[in-house]
Amino acid sequence: MKKGIFLLAAILFLNSISVSAFSFRKKEARDREAEYIHNVLKQEEKEKYERKKLDYKPSGYMTVEEYEALSVYRDKFQEKIEIPKKVRESDMKYVPVPTYRIVRYNDPPGSPELNITKKFYKMRQYNGQGITSPDFSIMVYPVVYYYPDSASTASDLFVIKLEEDGSNLSKILKANVKKRFPDPIISTEKSIDNSYAFRTLTPIDFSSDGTKLLVKEKIGSSQDGIWKTNAIVYDFDTQMSYNLVELRDSIIYYWKENKGLNLDEARWDIYPLGFLKDEPHRIAAYGYAYTGKKPVFLGIWSVDSHGEQSRLMTFDPESIELSVNGFKIVQDGVEKPIILEQEEKALKKMEEQTAKEAKEKEKADFKQMELEYKQKIKQMDAEFKEQRKDFLKQQNIGGTTTFNEAPTEFREIKIKQLQKDIKKGEKELEKQLKYIQKLDEKLQKMQNL
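Take the sequence shown: its position 149, counted from the start at 1, is 149 in the working numbering, and no numbers get skipped.
It should be emphasised that the hints constitute simulated quantities derived from the structure, not laboratory data.
Please note that the accuracy of each hint is not assured.
Unchecked claim - Lysine to any residue pairs mimicking SDA-like chemistry, simulated, CA-CA at most 25 Å apart:
1. 174 <-> 125
2. 118 <-> 281
3. 174 <-> 143
4. 218 <-> 281
Model the full assembly from the supplied sequences, consistent with the hints where possible.
Below is the structure:
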């Protein structure tokens, strides 16, 4: 019994040796090289697949080339920057959220002033209240700079183009300094030779057609107050500004010739009010002289927006009408807690639904990635198998194993094989066409019923 078992084992062993001996075939260098390249390409595809999964949710892992591409300098004035939207989370506790409304900017006329606080001297820059044009197409706002070396200030006036879509309130709320034009439309003197000097620009109002902007420039010293105020008009059509010095000259001339008051020897100033309602191309201003304990009213004066035809209008402030054209936003309250509570409930449902959809999408995307990867590997294996089959067939026939120098017999075999594949494909196509024709006939019959 034992001898029979040993004999059977010996026969099986010899059979396995004989099979392996016949199936073994020494691979040539080109065959081994092709197999090596095939495995390398498969490994590359695997790495691409793994990297694609890793990049599905961006991480800090990247190549040097990718890092350098992301680190290239971009001009902030040329780049379009989206303003991030403030997103409330569903578990957010009640915090008073301000609400805003639009009001007239220059109301009452001549009232706009800069609200500079002590924080300005630490930050060394102050962005003033913006004023929008009557058609809500642009916003103008002043910027004041502080130079600690001389304790002096200077100012620029910038323009921001507002978005075309949305309500007027949303246009103003979305205005951002990153969207401003790089060059200011009006600038003050920026030399720091004169210690404690201040120069500021304050927009007063737009003209009724929005083509002109009235600005007052205050020049003075933080030690002894304001020296003088200049009225400046910027014309958006010509992109030029006009310092209306003729207005001050006319006031000085009138009071010296008619009243014998030499304003050059007194402290006095003007207060630009805005554009006249009946004459929209002219601006009006108060005049005051500080010649004693009580300021002296010097009348209401007007001048053309280009500094021409300045004249005394009246000594009665109630007798003139001014147009108020620009707009600004002011806070008019805060959202009620009940609004946040209702929003919280809605956001919780939305977040749950969003999280569920995101999870399902991620699962589907990963499945699609895996499917594409497996199909690619399957295709590569099939191509390599076919290529190797041709290689072995060519090797058996004889001659070199380079396809460019294939023997005539191998070429004939390949041609016959391709012809067979073409016939097979034609038969499949013919079969599909017949099936489509049959469906079409069936559809026509149903439509004719």
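Verification of the hints:
For the hint linking residue 174 to residue 125, the alpha-carbon distance of about 21 Å falls within 25 Å, and the restraint holds. A hinted pair counts as satisfied when its Cα atoms are at most 25 Å apart, and residue 118 with residue 281 does not qualify at roughly 38 Å. With a CA separation close to 19 Å, the supplied pair residue 174 and residue 143 stays within the 25 Å bound. Only pairs whose Cα atoms come within 25 Å are accepted, and residue 218 paired with residue 281 is accepted, the gap being roughly 23 Å.
In this structure, only the earlier hint numbered 2 is contradicted, and the remaining ones agree with it.
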